[in-house]
Structures are given as structure tokens and as C-alpha cells.
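> If you're matching them up, the sequences are chains A and B in order.
Heads up: the first sequence begins at 1 in this note's numbering, then just goes up one per residue.
Heads up: the second sequence begins at 1 in this note's numbering, then just goes up one per residue.
What the hints contain is simulated information worked out from the structure, not anything from laboratory work.
Any given hint could turn out to be false.
Distance condition first, Cα-Cα at most 30 Å in a straight line; then the derived BS3-like pairs of lysine-lysine [to be verified]:
| hint | chain 1 | residue 1 | chain 2 | residue 2 |
| --- | --- | --- | --- | --- |
| 1 | B | Lys34 | A | Lys126 |
| 2 | B | Lys202 | A | Lys33 |
| 3 | B | Lys88 | B | Lys121 |
| 4 | B | Lys167 | B | Lys126 |
| 5 | A | Lys33 | B | Lys68 |
| 6 | A | Lys33 | B | Lys126 |
| 7 | A | Lys34 | B | Lys33 |
| 8 | A | Lys33 | B | Lys97 |
| 9 | B | Lys114 | A | Lys68 |
| 10 | A | Lys88 | A | Lys172 |
| 11 | B | Lys33 | A | Lys97 |
| 12 | A | Lys122 | B | Lys33 |
| 13 | A | Lys97 | A | Lys172 |
| 14 | A | Lys122 | A | Lys102 |
| 15 | A | Lys34 | B | Lys126 |
| 16 | B | Lys68 | A | Lys68 |
| 17 | A | Lys34 | B | Lys34 |
| 18 | A | Lys97 | A | Lys122 |
| 19 | A | Lys66 | A | Lys139 |
| 20 | A | Lys137 | A | Lys167 |
| 21 | A | Lys33 | B | Lys34 |
| 22 | B | Lys88 | B | Lys68 |
| 23 | A | Lys33 | B | Lys114 |
| 24 | B | Lys172 | B | Lys143 |
| 25 | A | Lys102 | A | Lys202 |
There are 2 protein chains.
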Amino acid sequence: MYPNPIQEFIARFASLPSIGPRQASRLAFHLLKKSTGELQDYANVILALHQDLNVCAECFYVSGGKDKNCEICNDPERDQSVICVVEKETDTAAIEKTGRFKGLYHILGGTISKLEPESYKKLRVKELFERIKTSQKEKTPVKEAILALNPTPEGDMTALYLERVLKATGVKITRLGRGLPSGADMEFADEETLGEALDSRKEMKTK
Amino acid sequence: MYPNPIQEFIARFASLPSIGPRQASRLAFHLLKKSTGELQDYANVILALHQDLNVCAECFYVSGGKDKNCEICNDPERDQSVICVVEKETDTAAIEKTGRFKGLYHILGGTISKLEPESYKKLRVKELFERIKTSQKEKTPVKEAILALNPTPEGDMTALYLERVLKATGVKITRLGRGLPSGADMEFADEETLGEALDSRKEMKTK
Numbered sequence: 001m002y003p004n005p006i007q008e009f010i011a012r013f014a015s016l017p018s019i020g021p022r023q024a025s026r027l028a029f030h031l032l033k034k035s036t037g038e039l040q041d042y043a044n045v046i047l048a049l050h051q052d053l054n055v056c057a058e059c060f061y062v063s064g065g066k067d068k069n070c071e072i073c074n075d076p077e078r079d080q081s082v083i084c085v086v087e088k089e090t091d092t093a094a095i096e097k098t099g100r101f102k103g104l105y106h107i108l109g110g111t112i113s114k115l116e117p118e119s120y121k122k123l124r125v126k127e128l129f130e131r132i133k134t135s136q137k138e139k140t141p142v143k144e145a146i147l148a149l150n151p152t153p154e155g156d157m158t159a160l161y162l163e164r165v166l167k168a169t170g171v172k173i174t175r176l177g178r179g180l181p182s183g184a185d186m187e188f189a190d191e192e193t194l195g196e197a198l199d200s201r202k203e204m205k206t207k
Numbered sequence: 001m002y003p004n005p006i007q008e009f010i011a012r013f014a015s016l017p018s019i020g021p022r023q024a025s026r027l028a029f030h031l032l033k034k035s036t037g038e039l040q041d042y043a044n045v046i047l048a049l050h051q052d053l054n055v056c057a058e059c060f061y062v063s064g065g066k067d068k069n070c071e072i073c074n075d076p077e078r079d080q081s082v083i084c085v086v087e088k089e090t091d092t093a094a095i096e097k098t099g100r101f102k103g104l105y106h107i108l109g110g111t112i113s114k115l116e117p118e119s120y121k122k123l124r125v126k127e128l129f130e131r132i133k134t135s136q137k138e139k140t141p142v143k144e145a146i147l148a149l150n151p152t153p154e155g156d157m158t159a160l161y162l163e164r165v166l167k168a169t170g171v172k173i174t175r176l177g178r179g180l181p182s183g184a185d186m187e188f189a190d191e192e193t194l195g196e197a198l199d200s201r202k203e204m205k206t207k
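Please model the entire structure based on the sequences and the hints provided.
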């Protein structure tokens with residue numbers, strides 16, 4: 001129905017996460033109207049992803065072209081004794097945006113999936129274990145691993161698995177607090193969330 | 001927060017329709033994990049949009065690289081006496097998918113926007129008018145213009161404007177029928193739709 005170049009564009013872009021054929025065809029017609037120079041810019045930013053980026057050898061976050069480690073791992077100001085374990089790179093970015101965490105990260109690379117029993121093998125759990133073990137022989141050992149995983153069955157399953165594996169290292173293992181999200185309307189919270197909020201209630205300290 | 005190549009990718013892709021910064025960063029990390037050859041493929045399908053595509057000189061749909069006209073305009077089997085006027089290229093594709101229309105198209109290139117009073121100037125109305133006029137001097141004159149515009153205030157406003165302009169050509173002007181969408185649940189139809197469905201009711205012909 002569309003000429004070949006558009007069909008090929010759609011076939012390729014429709015396979016990207018949360019882009020379907022309909023969205024891909026909208027993109028094709030949108031891009032079609034740009035100048036050749038602009039199309040080249042789009043192509044260039046895609047190609048630059050491989051030319052100038054590496055995976056951090058320490059935490060598996062992204063690092064700029066020549067660096068073996070990422071900016072966070074390279075920062076001497078960061079607290080080397082806490083590692084925040086996240087599923088993916090964008091989770092690191094989300095936590096960085098809060099400005100409340102000054103430790104290091106470990107990108108797990110996914111969670112355990114119920115449908116794929118072998119999925120735990122793909123996670124960077126061994127690397128995390130070794131990293132903690134190695135740190136314990138150095139002057140700033142890791143003392144706490146924060147499991148910053150999604151509050152979903154998969155996240156919970158992964159946390160339990162990590163807890164079991166990391167037990168042998170002796171570090172303190174914590175999970176993110178659960179409760180009502182900031183700005184939420186209590187009336188519309190699901191029972192699970194409201195239950196967790198009750199369980200993790202805090203005493204107010206009036207002076 | 002992210003290394004430069006990712007920031008630049010996000011800045012560029014976040015400006016595309018229905019992709020925001022969050023979606024763009026997800027795409028960046030997804031693409032990052034592909035092979036260099038695959039990234040090249042993505043870049044190539046973008047660049048091919050300019051190398052191998054033209055805008056049809058007749059209806060403004062897309063045509064393959066060397067053709068002046070698109071496949072539809074070039075098809076001698078199509079009914080030259082009916083022109084279906086649509087807002088954008090993907091609307092042509094949507095109508096083609098029904099398999100119920102065998103005439104030609106005219107891509108208007110947008111609708112009149114309330115917020116931009118001058119937006120009617122950008123539409124290919126003059127081109128449509130000239131096209132109909134020219135056809136009337138040839139052996140297969142255009143007899144009907146179907147205004148296949150969205151059933152929205154903008155679509156309605158554009159249809160009224162087109163009706164006024166095209167009146168001088170003497171062609172029959174029609175709009176798509178309105179009513180309940182196939183597969184819909186009457187209970188959840190809005191009043192406007194239900195009203196239109198009532199107005200455009202058809203007599204059932206039992207034999």
C-alpha cells in the first residue's frame with residue numbers, strides 16, 4: 001500500500017518498544033517532510049549510540065566513549081559503601097533525579113519473569129556478588145544493597161532471589177519503602193497500596 | 001545525567017509526534033543494545049525516505065523514487081471521476097485498507113485550526129480546485145468530491161470551507177456517513193454519535 005522505503009521504515013520502527021505499525025507510519029510521514037539535513041541528524045544520533053558509548057565495567061550503566069567506568073562510578077564524592085540495585089538504566093536516571101541518593105548503582109539488566117524460568121540466569125547477579133565480595137577486601141567495603149525494584153510480582157520475586165544470594169556477603173539488604181505515591185488521592189488507591197501504607201506508617205514528631 | 005550521545009538522541013527523538021523524553025530515553029537504551037549493523041539499518045531506513053520517495057504531483061500522496069505520480073494515480077483501473085479528499089497520507093492508507101473505494105485521492109495536508117486562523121492557506125485547496133477544473137476539459141471529468149475529514153470541529157470547519165470553494169466547479173460534494181462505529185456498544189456511545197446514527201438511519205429491506 002505504501003512505497004517500499006516507507007514499508008521498510010515501518011517494519012523496522014514498529015518493532016521498537018511501544019511503537020506499533022500505526023505509530024511507525026505516522027513517524028515515517030512526519031520525517032518524510034523534514035529536510036535531508038535533518039534526516040541525516042536523526043540517522044547520526046542513532047549511529048552515535050555505538051560510536052561514543054560504552055557500558056560501565058563496574059555498574060553496567062552507560063559511560064562516555066573512552067571511559068571504562070561511568071561518571072557515577074568515577075565520582076570520588078559518591079558513597080562507595082551503598083549500592084542501589086536497579087532493573088535498568090532509566091531507573092538509575094529516575095533515582096538520580098530525586099537528588100536523594102549519593103551512593104553507587106548496579107544495573108541488573110532485567111527481572112525474573114514467571115514465563116521464563118531461566119530468566120534469572122541473564123541477570124547480573126554474579127557480577128553484583130563479586131563486586132561486593134571484592135569491596136570487602138578493600139578500604140571502603142559495601143555495607144548496604146538497596147533493592148530498588150518495581151513493586152510488582154516480578155520485582156518481588158527478583159528481590160527474594162537477590163536476598164538469598166547476597167546473604168552470604170553479610171551486607172545489609174533493604175528495599176524501597178511502599179505506600180501512597182506523593183500527590184495521590186487516597187480514595188483511589190488500591191487496597192494493596194493502602195495496606196502497605198498502613199504497614200509502613202511513621203510516627204509524627206511534633207516538637 | 002546521561003552521557004552526551006544519549007542526551008542528543010533524546011533531544012532529537014523526543015520532538016517526534018507522540019514520543020516524549022521518557023519514551024525517547026527508553027528507545028535510546030533499547031537501540032544501544034543492538035549491533036552496529038542493526039543501528040546502521042535504522043539509520044538507512046530514515047535516509048531512504050528522502051532518497052527513494054517523492055510527493056505525487058497529482059494527489060500529494062507518496063510515490064516511489066522515479067515516478068512523478070503515485071501508484072494510485074498511475075493505475076488506469078481506478079475511477080477518475082471520484083476524488084476522495086483526506087487530511088493526511090495515513091488516511092489514504094486507512095481508506096485503501098477497506099477495499100471499498102476505487103477512485104482517486106487528494107491529500108489536503110491538514111485541516112483548518114481554530115487557533116491558527118491562517119491555517120486554511122496552507123491547505124492544498126487551490127490545487128484541488130485546479131485539478132477538478134482541468135479534469136472538466138478532459139474526457140473523464142471529476143463528478144464527485146468525497147470529503148473524508150475527521151468528524152471533529154476542525155474537520156467540519158474544513159468541510160464547510162471546501163464546500164464553499166468547490167461549489168463553483170459544480171461537482172457533487174459528499175461527506176462520510178456518521179453513526180455508530182462497527183463493533184461499538186450503543187450503551188457507551190456519546191449523544192452526538194447516537195444522534196447522528198438516528199439521523200442517518202437506513203430502512204432495512206427484508207425480501
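> Work down the list of hints and note, for each, if the structure agrees.
Taking the hints in turn, this is what the structure says about them:
no.: 1; hint: B/Lys34 to A/Lys126; verdict: 23 Å, holds
no.: 2; hint: B/Lys202 to A/Lys33; verdict: 42 Å, violated
no.: 3; hint: B/Lys88 to B/Lys121; verdict: 16 Å, holds
no.: 4; hint: B/Lys167 to B/Lys126; verdict: 13 Å, holds
no.: 5; hint: A/Lys33 to B/Lys68; verdict: 17 Å, holds
no.: 6; hint: A/Lys33 to B/Lys126; verdict: 20 Å, holds
no.: 7; hint: A/Lys34 to B/Lys33; verdict: 27 Å, holds
no.: 8; hint: A/Lys33 to B/Lys97; verdict: 24 Å, holds
no.: 9; hint: B/Lys114 to A/Lys68; verdict: 54 Å, violated
no.: 10; hint: A/Lys88 to A/Lys172; verdict: 22 Å, holds
no.: 11; hint: B/Lys33 to A/Lys97; verdict: 24 Å, holds
no.: 12; hint: A/Lys122 to B/Lys33; verdict: 14 Å, holds
no.: 13; hint: A/Lys97 to A/Lys172; verdict: 24 Å, holds
no.: 14; hint: A/Lys122 to A/Lys102; verdict: 27 Å, holds
no.: 15; hint: A/Lys34 to B/Lys126; verdict: 23 Å, holds
no.: 16; hint: B/Lys68 to A/Lys68; verdict: 52 Å, violated
no.: 17; hint: A/Lys34 to B/Lys34; verdict: 26 Å, holds
no.: 18; hint: A/Lys97 to A/Lys122; verdict: 28 Å, holds
no.: 19; hint: A/Lys66 to A/Lys139; verdict: 27 Å, holds
no.: 20; hint: A/Lys137 to A/Lys167; verdict: 17 Å, holds
no.: 21; hint: A/Lys33 to B/Lys34; verdict: 27 Å, holds
no.: 22; hint: B/Lys88 to B/Lys68; verdict: 19 Å, holds
no.: 23; hint: A/Lys33 to B/Lys114; verdict: 23 Å, holds
no.: 24; hint: B/Lys172 to B/Lys143; verdict: 6 Å, holds
no.: 25; hint: A/Lys102 to A/Lys202; verdict: 24 Å, holds
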